[in-house]
Structure formats: C-alpha cells, structure tokens
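Protein chains: 4
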Amino acid sequence: MTRIAILGSTGYTALELIKILLRHPGSEIVAVTSRQEGQPPISTVHPSLTHRLELPLEDLNTAEIVARAECVFSCLPHGASSAVVPQLIAGGTRVVDFSADYRLHDAEVFAQWYGQKHTDPDRLGKTVYGLPELFREQIPTAKLVANPGCYPTTAILALSPLLKAGLIEPADIIVDSKSGVSGAGRSPKLTTLYPECNESFSAYNIGRHRHTPEIDQFLSMAAGKPVEVIFTPQLVPMDRGILTTAYAKPTAPVTEEKVMQTLQDFYADEPFVRVVEHLPGTKDCAMTNYCDITARVVRGRVMTISCIDNLIKGASGAAVQNFNLMFGYPETMALQ
Amino acid sequence: MTRIAILGSTGYTALELIKILLRHPGSEIVAVTSRQEGQPPISTVHPSLTHRLELPLEDLNTAEIVARAECVFSCLPHGASSAVVPQLIAGGTRVVDFSADYRLHDAEVFAQWYGQKHTDPDRLGKTVYGLPELFREQIPTAKLVANPGCYPTTAILALSPLLKAGLIEPADIIVDSKSGVSGAGRSPKLTTLYPECNESFSAYNIGRHRHTPEIDQFLSMAAGKPVEVIFTPQLVPMDRGILTTAYAKPTAPVTEEKVMQTLQDFYADEPFVRVVEHLPGTKDCAMTNYCDITARVVRGRVMTISCIDNLIKGASGAAVQNFNLMFGYPETMALQ
Amino acid sequence: MTRIAILGSTGYTALELIKILLRHPGSEIVAVTSRQEGQPPISTVHPSLTHRLELPLEDLNTAEIVARAECVFSCLPHGASSAVVPQLIAGGTRVVDFSADYRLHDAEVFAQWYGQKHTDPDRLGKTVYGLPELFREQIPTAKLVANPGCYPTTAILALSPLLKAGLIEPADIIVDSKSGVSGAGRSPKLTTLYPECNESFSAYNIGRHRHTPEIDQFLSMAAGKPVEVIFTPQLVPMDRGILTTAYAKPTAPVTEEKVMQTLQDFYADEPFVRVVEHLPGTKDCAMTNYCDITARVVRGRVMTISCIDNLIKGASGAAVQNFNLMFGYPETMALQ
Amino acid sequence: MTRIAILGSTGYTALELIKILLRHPGSEIVAVTSRQEGQPPISTVHPSLTHRLELPLEDLNTAEIVARAECVFSCLPHGASSAVVPQLIAGGTRVVDFSADYRLHDAEVFAQWYGQKHTDPDRLGKTVYGLPELFREQIPTAKLVANPGCYPTTAILALSPLLKAGLIEPADIIVDSKSGVSGAGRSPKLTTLYPECNESFSAYNIGRHRHTPEIDQFLSMAAGKPVEVIFTPQLVPMDRGILTTAYAKPTAPVTEEKVMQTLQDFYADEPFVRVVEHLPGTKDCAMTNYCDITARVVRGRVMTISCIDNLIKGASGAAVQNFNLMFGYPETMALQ
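Protein chains in written order, with this note's numbering: chain A, 36 to 371; chain B, 36 to 371; chain C, 36 to 371; chain D, 36 to 371.
Rather than coming from a laboratory, the hints here were simulated on the basis of the structure. Mixed in with the good hints, there may be bad ones.
A pair counts as met if it fits within one copy or between any two copies, since identical chains are not told apart.
[As the list claims (entries may be wrong)] In silico DMTMM-like cross-links for lysine to aspartate or glutamate, where the CA-CA straight-line distance does not exceed 20 Å:
(1) 293 <-> 366
(2) 199 <-> 292
(3) 284 <-> 168
(4) 284 <-> 204
(5) 152 <-> 304
(6) 284 <-> 207
(7) 152 <-> 291
(8) 284 <-> 93
(9) 199 <-> 300
(10) 178 <-> 292
(11) 293 <-> 72
(12) 293 <-> 155
Small disclaimer: the values here were computed from a predicted structure and weren't measured.
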C-alpha cells in the first residue's frame, strides 16, 4: 500500500486520477490539496466523489506533504510544480508531475515557449519522460517522472516507430490534432463556455502551442536528427478524446503493409497501444488507457491516425501507469 | 426606417437580435452599447457579425442614446434596465426591455424574488407584457414593452387558453421546464463551462427561480384567480431551445380532443403559435419565432407540451415582433 | 470463477456489461452470442473491445449455452428472452434477464402493454425483481432475476421509501423522466440519427411507454395500494444518463428535512444509493453504479430528483450487482 | 416570381433549401417530390415546416415537373440526378443539381470514383460549376449548374487564389477536413446513430472519398497544372459546419502578410467570402452563406483555414446564390 498525495485537486485530471486510484488496491490517498479556504470536503468540488472519497481539500506545505505521502501526483500548473518538486524529492517523496516543467531538456527552449525562466533547470534533461512505451526501463528507479502532454502522446506514439525505422523523413511532418474540451481545463473562460464551443470546431494557438517543442524533442530523439513539426491544435465539441492525423513523407516508396507491420512489431508487447486495421475513433479509447493507432499510405504519403482519451492515456491513466512501474505494481493495475 | 440602439450588446440575446434586425427592411441599427473600453468593433466580440455590422461598441449615456435612436432594445440585466428606462422614455425613445424589471405588477413581489428594491415602481402594473398572443392590442401605442421571459413564454402560451376556458384547475399546476445552455448567458462561470454541462442533465434553482412569479401572475390573470405553480427549471446539454411539460387537473373529465380544440381555436389566427398533433421537439422551432404546442390527456390528467427557441420566441424574436407592432411594420416582418 | 455467457451481444448494454465483467475477478466470459453470420470477432462490432475480449460472436442454441455457462446475461429483446429462459433454467444455468419479460407480475398486464401473449406466464409473480435495495434477500437463491428497467429504477428508488413511510399520497404521482439516447438502443432508426436528436429535446410515447406498468407495480407494492403514475419519457441529447423529477402530494404537511431524513434512513447502508443535499446531475453518476437522490418541498408539494447512468445502474451495473449477490461475490465487486 | 420544384425533398439539404426559399421574394415553390406513398404533406417528414409549406410530397415524372416549374433544384443522389436532368433541360426547365453528376469534367474519372458509368457524358466539361467566386460569369446563362460539394467548397475557395498567384506548390497539398454529421445525410445508418458518433471524432473514407477528384480538378485549373491532394474527411460530433485545414509548400519564402493580402485582394468584392485575421470557427458561419478564410505561415509552410455551414454555403445557400444569378435576382437575396 502506497500513501499518495494529490496536489491541485480541483481540476479534471485530478478527478480522473482519483477515480482510477480508488480502484487501485495498492493506493491509499492520504491528502488532496487546493488553495480553497476552509478545507471543504473534496465532494463539494467534485460531487461525483460523494461517498467515495471523504478527504478535505487542504492547503499543505511541502513539509506536511512529505511527512504524509510516499508518492505525490502534482496536478499543479507549470511553474507551480517546479516550485515544490525539489523539496518533495529532497524529502524522499517520489513525484509524478503532470505539468510541463520537466518534460523539455533545455531551459532555453522552456523559457522561449513558456515565457518564464525555469527555476530548477538542473533536472532538465535528467528527468525521465513518463511514456513507458519508449522509456520504460528508466521509470522504476525514477524519483521524478515527467508525465507526458496529451497531444504529444498521440504524435510521439504514432510517429516514433516510423522515424526509428527510417521509413519517414524527419522534415516536413504535419501533426493535425483535435481535442475534446476537457483538455482546456476547469477554469471558467469564454472560449470554453458551453454555447461558445458547442456545435463549433475551431483551431487555436497555431504556431505557438506549448506542446510543439515537446513533440519536436521526442521525435528528434527517435529520428536521430532534428525534427520540427507543423502542429495544429483544434477544439472538438466533446468532453474528451484526442485524435491526431499526422502526415509524413516516406524516405523511399513504401507500402501500407510495411508501415502497419512496423507499428505492429514495435508495439507487439505493449499493453496499452493497439495497432488496428480499422480507422479508430476517439470513443473506442474513451475512459481507457489505450492509444489506438493505424496508418495509411495515400498518394505516396504516409499518414498515421492515433487517438487516446486525453484525461486517461493523455494524463491520469499514464500517471498511474508510471506509478505502477515506480512502485512495483503490475503495469496495468487499475487501468483495465 | 426606424433608428435603433441596442443596450448591452455583448450577450447572446443581443447577437440574435442583431441577426434578425439585419434582415429587417425597416430597421437601422445606429448604436450598440457596452462597457468595453476603447470602442472595439462589435465583430471582435461577435465574430459572426464580421462584414455584417460595422459599428463600434460604445459606452453611451441616456442623452446620447435618446439623441440617436427612436427605439431602444435593452438587453441590460435587471436593475440596470430600470435605471435607464425612465430617462429614455422621457426623452421620447420607445423601449423594448429584455430584463425582468417591468414584467411584474407588484413592487413587493419584485423585491421578494429579485432581492432588491425597484427603482421605478410607478410603471409596474402599467407596462404592457410583450406577449402579442395575449396583449396585442396594447402594444402599438406602448412607450415601453416588457419582453417576456423565456420559460414563462412556454408556460403561459400553453396554459392560458385552458385556464381561460375553465378546463383546468388553477391549483396544483406543475411546470417542468428544460432549457438549452444559452439561457444562462454569456458570462463565464463553472456551471456552464462545456465539460460541466455537456453530457449532463440537471435541475437548478428549484423553488426559487425568478420566472416563477412571472408565470404565476399571468396564469392568475388567465384563471381569474390566484395561481401558484410548481416550477422546475432544468438544463439540457444543447445550445438553444426550451421545452415545457405542464401537468394540470381538469375541472371536469375532459377529452384530449376538447383540449386540443380549445388550443386550436385560441391560436387559430396567430402567426407564431402552432398547435400540433405530434409531440414537438425543440429542434422544430430552432432558429424560428414559433411556439409549438400540443396537449395530451393521460390517466385523467391534462398535459401540455410547448417549445420555443429560447433566444428567438423566448427573447429576440419576440422583441422584434413587439417592435413590429409598436412601429407599424407587419407583425411577421424579418421573422419568417 | 463463474463461467458467463452473454446473449444478444451487439448492443450498448452488452458492451457495457462486458466492460464491467472484464474488471471482475470472478467472471470468465465464455460465450457471446448474436445472429451475425460467420462468427466475426466481437471487436468487429465493438471496436473498443479490441485486444480486450477475443471471443467470436456465435449463434448458439440453448443446449450449447447450458453446456458452457453457469450464468447467462440475456440482453435479448422482450419476447426473445422468455423464449429461451425456461430451457436455460431447466438446464441448470442461472439467468439475469435484461428484458422486460419477467418484471411484471400479471400476464394480462404484460399482454396489454407489450402487445403479445406471454409464453412463460407461470414464472410471472414468482421471479425476483433485481433491485437489491428493495429485494436483496431474494436474490442470492434466485435461478432467474428480472433486471429492472432504466426509468423504473429512478422512479422506484426515489419514491418507494416515501410511500412506505406514508409521507406521500399514492394517487396523482407524476414521473417526468429524461434519458440519454443510448436508452433507445443500437438499431439505426431515424429518431435517433445524430442530426435528428442532437440539439433537440423532446418527449415520446406519452401515456403508452412500457415502463409505466413496471413503475406502477412496484410503487403499488411500496404503497400497499394501487398506484397509477403519469409517466413522461423524454429524450436528452446526450449519450447516457437518466434524471427523473417526480411530484407527489404529501399525506400531511411535511418538511423537506423530514423527507430527506426518510430517504437517508432508508438508504443508510446501501452501497449504491447516495442521498445528497445538492441537486444532482446525471454526470455525477455517469460511468458508475450510483443512484443519486434528493428531495425538495416546493409550495407544499414533495419533489424527488433521482439520477443514474442508464447503462450502468439502469442496466449492466445492476445486472452485475445481482450477479454478485447470486454467486456469492461481494455486492460491489467490479462496480467501484 | 419563379416557379420552383425540388426533387428529393426528404433530406437535410432540401429542408434547408426550402427554409431559404421561403424567405425569397422571387421564389414560388410549386412542387416537392419524393417516392413516399400517399402524397403526405411535407410537414409530416419535416415537422419544422408545419404551417410554413403546405405542399404534398409527390412522385412526379419529368414531364409533370417541366409543366409546372421553371427551375428545378435536384437533391437526388448521384446517378439519379443525371437520369432526369437531360429531359428537364430539354423541356426548358433550368436545373441546379446538388449531386456530383455534373461536377467532374471526365467520364472516366467519374466512373473510377463513383463506380458507375455516366449516363449523360456529353454534358461533362460543359456544365458550369456553381462556385460564383470562380465562375460567376458563366452562371447567368446556364441551363444547368453543378452545385459544388461541401468539402470542395472549403478547399477550393481557400487554395485557388494562392495557386493562381503562384504562391504555393501544386504538389503535396494536404486537405485535412472536419465535417458535422448532417453531411452524411438523413438515411438511418449505424455510423451516424447518435450514440455512435456523439462524443467521438473519427476519420473515414481516407484515400477514397469522392470529393477528392472534385478538389483535384478545380485546384488543377487554378494551378494550371495537375494537382493531386491528400484529402482526409473527418466526422465531428456536431450538426453542421465544415472546417478545412490545408497545408501547402510555398514556391518561395513568403510572409503571412503576403498570403493574407493575396486572399483579401482576391475576395475583396465577394459578398460571401470573409478573409479574417482571427482563427474562425464553424459557428461563425453557422446558418449563413459565408465562407470564412484565414491563413498562417508556420515554420515556412503555408496553412489555410476555411470554414462554412455545410448545408448553406456547402449546399443550399450556394444553390440559391446560383439561382439568383441564373434568374436575375440580386446575388445575395434571401441569403443575408
């Protein structure tokens, strides 16, 4: 049994995380934090947790967290997470960090895309990226795991095997992604008000979405040379799910069979990646930790289609998968 | 050609009003107001109006409005509307008021339900309620028309004919209403954030929704004795539309045919009420000024089902219908 | 470990059932039936089951089913279920029946509402209704459990305690229910085509919905005298969830506190009924086996609001709850 | 006043067409056809037309249509349209054809993509494509206008000006399109059943969607050399709207300003194309005949984003725009 604290517990990823952990036989949630006044029960903020989790929302300092928890899931926003992670780790608590703070390897790239100086730059480049399909062996011993971004998960899982196999060119990759609205968080704002985004489809943050350098970095690792993708995030009127259509040039003429076989071989033993023949929809993965991937060759160009539940494989499910690896539980525990 | 100013132009009812007026050959929109700084073009707030209405959002005082406009549509919230209406009328500008400020006849009832003292109580009880199906003859000469609330429109249109005909008991009427999310306005708040209300159905403000006394008042007028309804407002995950299911006891055993005939006779000449045999859905009325009504007798109890587009017949379409009557245009102009 | 067969496996309730059973440590799914030709893998019909359940869809006769399975979940339509249940039971296989075939106690009532003669009338009135909150003690030894209808679950759970306590009148109860579209099944038809029901709210089958006698029957049992409800089913543009607003007259003046206390006392030890102070929304129960209930007293009338996930507590979750009781597993297994 | 017949009146494009024509002062709908038996009123199929259009659905032959109507809007499927168009034109009736039958210039390409031999091949290549922004001058005198496909409208309007100006390469254009569900028509099928496509996003018909050769053909005309696009159609859980993201390589390094200026100049006088600075969403164009277009240059690649209401500018609005040009009405009549 592992004692768990969740930092920043009022949002959608924390809620989803709690629901998964409540099914996990090795998990004991001992604290949920928030800056709410008066320590209200968490069910006042998440009514679906009524009778399921009876903890108060507490505003704890890092010493108090360290004293209580062996593992912290930090759902704090970027900047806020790296402000507490060093003390948590120093105190002996291991951390799965949902923020982007430890995903990038280069403090300058972080500063450029996030508009602020990184406060814990020494850990950049040394922190494992919590995508077990690519970095499984580094996770069990990690003190800190950088949980992947939702969009990057779809792009990296679909394209890395093809880049590693040398099937597609590193240049000129297009990543056209579509996400449900929960990905925009739970803070009320006009753009995600129901009547604004319902019955509408739109793109946003073109050319400046912060998941761009994260996709670049891990595709570059796969390719062995610099990759700079064209990344288009788009908003779909649905709660959850991301589907990414990626377009790449083959390095040489290639058949669909060859592309599919490469993906199938790469993910043959993976519990949470399904390489499928049919065109998957986000609903196939909804409420699961699966990433479904397929590929097509159209007029000589290679296309991949990959989809996940952005709150599960794109956030809280991946976090529990990492937690399982870190603490010696079966990798799929509570995720099936 | 009538010069029109719209007060409080950033919300959904104002947007819908503008779209209708742009099709109205007798309308000239001369001012749209808002407290925005810097007089941005209205299309920055409503991108769908790009190239269609090129006016800036202005923060005008009543004198400026009076100087420019013959007719004001006030989309201001309650309290704010009655703060400017007296001066507008004194200046000779006629007003269609979307707020609840002039709908109730009794300042004490207003204070009780709206939690504030009415600042212009002398006009209460003397202002015409802009439901032409019941009060058409008073509208052409009115200086001020109180545009009906969305929920009350569905309840009053469905039940008034049956109360007037003495077919149903005034006591014990249940009004179970369901509304799309646009009825909650355009201010960002958690309850109307997309992932909160999408894929969910819920009731709210039971026993204390401010449309209750408005329904009571006009059903009491129809019945000739006091009516106090049980009113349940509920939120449907859709943009627009209200459907109201009302339940009432017949005063004596009655057939479905008799109830239907009573409704058909009452609305025989009405351009915007359709008494239909089938069970209507809100989509049948979407984007139109129609109210569809049907009735059933189930196990001896009378049921009515009525539906509208809450932004059209429940707000901006009704307002233009009133405007047409006030300024001598054909009642259906721009509404078909 | 219990060997399970699922009859009629191509619909939404079967899919949901399979997802629950895949998490159940005591369940072994050994057969899934359908009349499809060629025994395709079930994942061709339910792509979300890819890699999760590798069984073919088989067209089995009852002897084959009996030979393989200890427990059958029948997701067959009414009429089809009672055509096979007798042989299954005779063969020693226990059955949870999702259809309406064994819910009603009176073959004449069945014939009247379902338009066909019951083929196994002797079991009517002797089959336990699988609502553990009311009939738990009869379930462990049952050969056959009639799994409750989705609408009736919400109405019966909310109103039975109040009728049993004599707080509300048996006469004149109104049950105004709203359901997501999955309740209408997976057979393509115009009324549930996406562009027909999306962005629309409508009532259907007023006065003749087949869940009416089911609600009547169990509320009559609770009241100890005949109850005939006015039942209004309505369609909400969402996948899943039912919310029922019920209206009843108190037998004597009653406070909201008293009504709430009666519900809280009745369900104090129930794992899947949450009596809540706030107004619940269907999303609070989505993907769970909970029924959330609250009550209000408005202008002297008692209202209850109850909601469930129609595919879980309204179908497949309830079925597994019954299965757990029948086969000696903890009642909440795989349901939390 | 022009006498109009609508062929194939039970679908969504016919409904939308009727709603537009009811606002058109020069239009008199004299016949609506369908193969329904018994000539039911059209409102039984389209309840939203109750009291608005009182015509029966008739099963007319071409001679009867010619006798009644000066203009036919054919909403028949491909193949069915070309089976009647020659006789209609021979009879002197002018036709706006919603099907794909007369859009392609080459009967072999038609046969290849539509899987059937064209029955009226002589008109291919001689029929004007009803996109007034590109072919306005040919429309007024046309006997037959091929109304454009919905997806092609977004792609052709966004990319043609850039190809004509030589700003982008004809090779390697990617057209990633997303459509609301109404585009799939009104015939009940599993893929467009509400619970199948709600809360899901998916691609379909990759590499074989029939709008591909239509996009190719008109982009080739703009480029002056063969264009073969990679076209990806995708389904969005919403009623209406198409948004297309297109990616192209610049022929030489180019600024965003230059691309935007090229689009603005090209469409400066167009009533229904809005070149906008912001990122448009489909809701901005919903229920209108506008196509909103913007462009970005990202990491050296040119992107366009264009959106329409698929039932208006993508079908019935465009058809009325063509009708207006054919019969001498102001081009924007009934469309604003």
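Could you place residue 293 and residue 155 in one of the four classes (within, between, both, neither) given a Cα distance threshold of 20 Å?
neither (43 Å within a copy, 42 Å between copies)
Between the shortest in-copy and the shortest cross-copy C-alpha distance, which are at most 20 Å for residue 293 and residue 72: within, between, both, or neither?
Intra 58 Å, inter 31 Å, cutoff 20 Å: neither.
At 20 Å max between alpha carbons, let me know whether residue 284 reaches residue 204 within a copy, between copies, both or neither.
both (5 Å within a copy, 16 Å between copies)
How do residue 284 and residue 93 come out at 20 Å by Cα distance, when the copy is not named: within, between, both, or neither?
Answer is neither; intra-copy 51 Å and inter-copy 43 Å both fail.
Classify it for me, residue 152 with residue 291: is the Cα-Cα distance of at most 20 Å met within a copy, between copies, both or neither?
Answer is neither: 44 Å inside a copy and 30 Å across each miss the 20 Å cutoff.
How do residue 199 and residue 300 come out at 20 Å by Cα distance, when the copy is not named: within, between, both, or neither?
Within one copy, since 12 Å is at most 20 Å while 45 Å is not.
First find the shortest C-alpha distance between residue 152 and residue 304 inside one copy, then the shortest across copies, and answer within, between, both or neither for a cut-off of 20 Å.
For residue 152 and residue 304, the Cα distance exceeds 20 Å both inside one copy (40 Å) and across copies (48 Å).
If the cutoff is 20 Å on CA atoms, where do residue 199 and residue 292 land: within, between, both or neither? Let me know, please.
So residue 199 and residue 292 pass the 20 Å test inside one copy only (17 Å; across, 37 Å).
What label fits residue 178 with residue 292 when the C-alpha limit is 20 Å: within, between, both, or neither?
Neither way: residue 178 and residue 292 sit 41 Å apart in one copy and 48 Å across, limit 20 Å.
Residue 284 and residue 207: within-copy, between-copy, both or neither at 20 Å Cα:
both (7 Å within a copy, 10 Å between copies)
Between residue 284 and residue 168, at a C-alpha cutoff of 20 Å, which is it: within one copy, between copies, both, or neither?
Neither: 24 Å inside a chain and 33 Å across chains, both beyond 20 Å.
How do residue 293 and residue 366 come out at 20 Å by Cα distance, when the copy is not named: within, between, both, or neither?
neither (30 Å within a copy, 49 Å between copies)
Hints 1, 3, 5, 7, 8, 10, 11, 12, counting from the list given before, are not met by this structure.
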